[in-house]
Structures are given as C-alpha cells and as structure tokens.
Amino acid sequence: EDQVTQSPEALRLQEGESSSLNCSYTVSGLRGLFWYRQDPGKGPEFLFTLYSAGEEKEKERLKATLTKKESFLHITAPKPEDSATYLCAVQGMDSNYQLIWGAGTKLIIKP
Amino acid sequence: DAGVIQSPRHEVTEMGQEVTLRCKPISGHNSLFWYRQTMMRGLELLIYFNNNVPIDDSGMPEDRFSAKMPNASFSTLKIQPSEPRDSAVYFCASSLEAVDTQYFGPGTRLTVL
Chain X
1 EDQVTQSPEA
11 LRLQEGESSS
21 LNCSYTVSGL
31 RGLFWYRQDP
41 GKGPEFLFTL
51 YSAGEEKEKE
61 RLKATLTKKE
71 SFLHITAPKP
81 EDSATYLCAV
91 QGMDSNYQLI
101 WGAGTKLIIK
111 P
Chain L
112 DAGVIQSPRH
122 EVTEMGQEVT
132 LRCKPISGHN
142 SLFWYRQTMM
152 RGLELLIYFN
162 NNVPIDDSGM
172 PEDRFSAKMP
182 NASFSTLKIQ
192 PSEPRDSAVY
202 FCASSLEAVD
212 TQYFGPGTRL
222 TVL
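For the protein sequence lines, the chains are X and L, in the order given.
In terms of our numbering, the first sequence is numbered consecutively and its last residue is 111.
In terms of our numbering, the second sequence is numbered consecutively and its last residue is 224.
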C-alpha cells in the first residue's frame, strides 16, 4: 500500500537554528514527490517537485533532497516567517493524478 | 496571473441546509480536484475532473455530496443535506495536466451547526 509518513509532527526552533524535516514514502514506482507549505487559514502553496533519487532543489532558505525511500526539507537559518505546516505528497507511476499525502510537519520559528 | 479562486471563503449553515461551494481553476488547466481537509484525516481527495469530465469520484463520502463542472472555468461542490460532520475546509486545486503540479485555492471553511 502506498504510504507517506512525515516526521516530526511538530518542530520548534530558534531563529537561525537550522534543521531538517523528513518525508518517508513507500510507492510502487515514484512519478514525483511534492513539497507544499501551508499557512493557517490558507491553501497549500507549492514549493518543489522532485522526480528521481539524488535530485536537489533550492529556494531561499529551503533545500529539498530525494532518495529512493525518503525526502528531506532542509531549512537553513530559518526566520519567523518560515513558520508554517510543511506537507509532502507522492505520486506513483500507477496513477496519473492521485497524490498520497503526509500529515505534515508544523514548524514554529521563535524570534 | 490569478490563481485558483474559491467562494465563499467561509460558510456557516444549519444542519439539513444545502451548501454550494464554487471554484474557478487557473485558466488553461485541464484538471480540477476537490479536497477536504480535517485535523483527523488530513487532505482527502473527493473528486477529480479532467477536461470537465468527472474521472474519479470514489472519495465522495455519500450521495449527499455532488460535484459538477459545466465548463473549463467553473466547478461546484454541493452538499445536500448538510450534517455537522461535514464541517471542514474544502479546497479546490487545478493542474495543467493530471500528472502536473496541483495549485490550490484559498479554501472554504464550512461549519455546519
């Protein structure tokens, strides 16, 4: 069964304290892995798509990496405005539209 | 460019009433998705349209839920009659093609009393 598990459920960091969020997945052939950011009261906002092991993508203080079993979202020197829930989703080769979603990691950056 | 547009943003209704949620996808996108998000179950796909045709409605919880897409720029999700357990945030998302990145609207927060 296709599955996505995100850890930790919640993470509190001081401003400037770098860390990583984890997204572990099991899927019969990966078509793509997606990272989204969701602020309270808003819809998920697209961040990155990763397609193959070894791929990396960066945007400002965020860097996403992918292996055959998991993806990491690295946050370098975070600021309070990086506080949000980060969602991970995978799309398998046997589906051309279905996304399997993780429960998300709630990130809080304290000034 | 305008993103996905949803209305209303908030809806409070009483049990038994009909509720209609509206969505305008990004122009040029041929795939449209309706999701429901709750604390307990996270994001759940309710229905998927491709070129205005419903392809997968297996996530629609009951016959009380129905969705239509009369044209490429408009879709509705209707709940009749509504029940308190339908309280959730409903999102519409669209993508250029089915396999592409899904872009979400701001959501409709539904409260059924």
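Some hints could be false.
[To be verified] Beta-carbon label-pair distances, calculated as ranges:
hint, chain 1, residue 1, chain 2, residue 2, range
1, L, Gly127, X, Arg61, 46 to 52 Å
2, X, Lys68, L, Thr187, 26 to 32 Å
3, X, Lys57, L, Gly139, 37 to 43 Å
4, L, Ile116, X, Asn96, 41 to 47 Å
5, L, Glu194, X, Pro111, 32 to 38 Å
6, L, Gly127, X, Gly41, 45 to 51 Å
7, X, Asp39, L, Arg175, 29 to 35 Å
8, L, Val210, X, Phe72, 20 to 26 Å
9, X, Gln14, L, Gly153, 35 to 41 Å
10, X, Lys57, L, Arg133, 21 to 27 Å
11, X, Ser18, L, Val123, 40 to 46 Å
12, X, Lys63, L, Met126, 46 to 52 Å
13, X, Asn96, L, Arg120, 30 to 36 Å
14, L, Glu125, X, Gln14, 42 to 48 Å
The hints are simulated quantities; they were obtained by calculation from the structure and are not laboratory data.
No residue lacks a Cβ here, since even glycine has one placed at the ideal position from N, Cα and C.
Within 40 to 46 Å: is that where the Cβ-Cβ distance between X/Ser18 and L/Val123 falls? Hint holds: Cβ distance 42 Å, inside 40 to 46 Å.
Taking the CB of L/Glu194 and the CB of X/Pro111, does the distance hold inside 32 to 38 Å? Violated, since L/Glu194 and X/Pro111 (Cβ atoms, about 43 Å apart) do not stay within the stated range.
Please check whether L/Val210 and X/Phe72 have a Cβ separation lying inside 20 to 26 Å. holds, 24 Å
Mind checking the hinted window 46 to 52 Å against the Cβ distance between L/Gly127 and X/Arg61? holds, 48 Å
For the hint 46 to 52 Å, verify it against the beta carbon of X/Lys63 and that of L/Met126. holds, 47 Å
The hint says 35 to 41 Å between X/Gln14 and L/Gly153; measuring C-beta to C-beta, is that right? The hinted range 35 to 41 Å is violated for X/Gln14 and L/Gly153, with Cβ atoms some 28 Å apart.
Given the hint of 37 to 43 Å, check if X/Lys57 and L/Gly139 actually sit that far apart at their C-beta atoms. Roughly 24 Å apart at Cβ, these two residues miss the hinted range, so it is violated.
Taking the CB of L/Gly127 and the CB of X/Gly41, does the distance hold inside 45 to 51 Å? violated, 27 Å
Whether the CB-CB distance between X/Asp39 and L/Arg175 falls inside 29 to 35 Å: The hint (29 to 35 Å, Cβ to Cβ) holds, given that X/Asp39 and L/Arg175 are roughly 31 Å apart.
Evaluate the given range 26 to 32 Å for the C-beta pair formed by X/Lys68 and L/Thr187. Once the Cβ atoms are compared, 41 Å apart, the range 26 to 32 Å for L/Thr187 and X/Lys68 is violated.
May I ask you to test the hint 30 to 36 Å on the CB atoms belonging to X/Asn96 and L/Arg120? holds, 31 Å
Can the suggested window of 21 to 27 Å be confirmed for the beta-carbon pair X/Lys57 and L/Arg133? violated, 34 Å
Taken one by one, the earlier hints fail for this structure at numbers 2, 3, 4, 5, 6, 9, 10, listed in ascending order.
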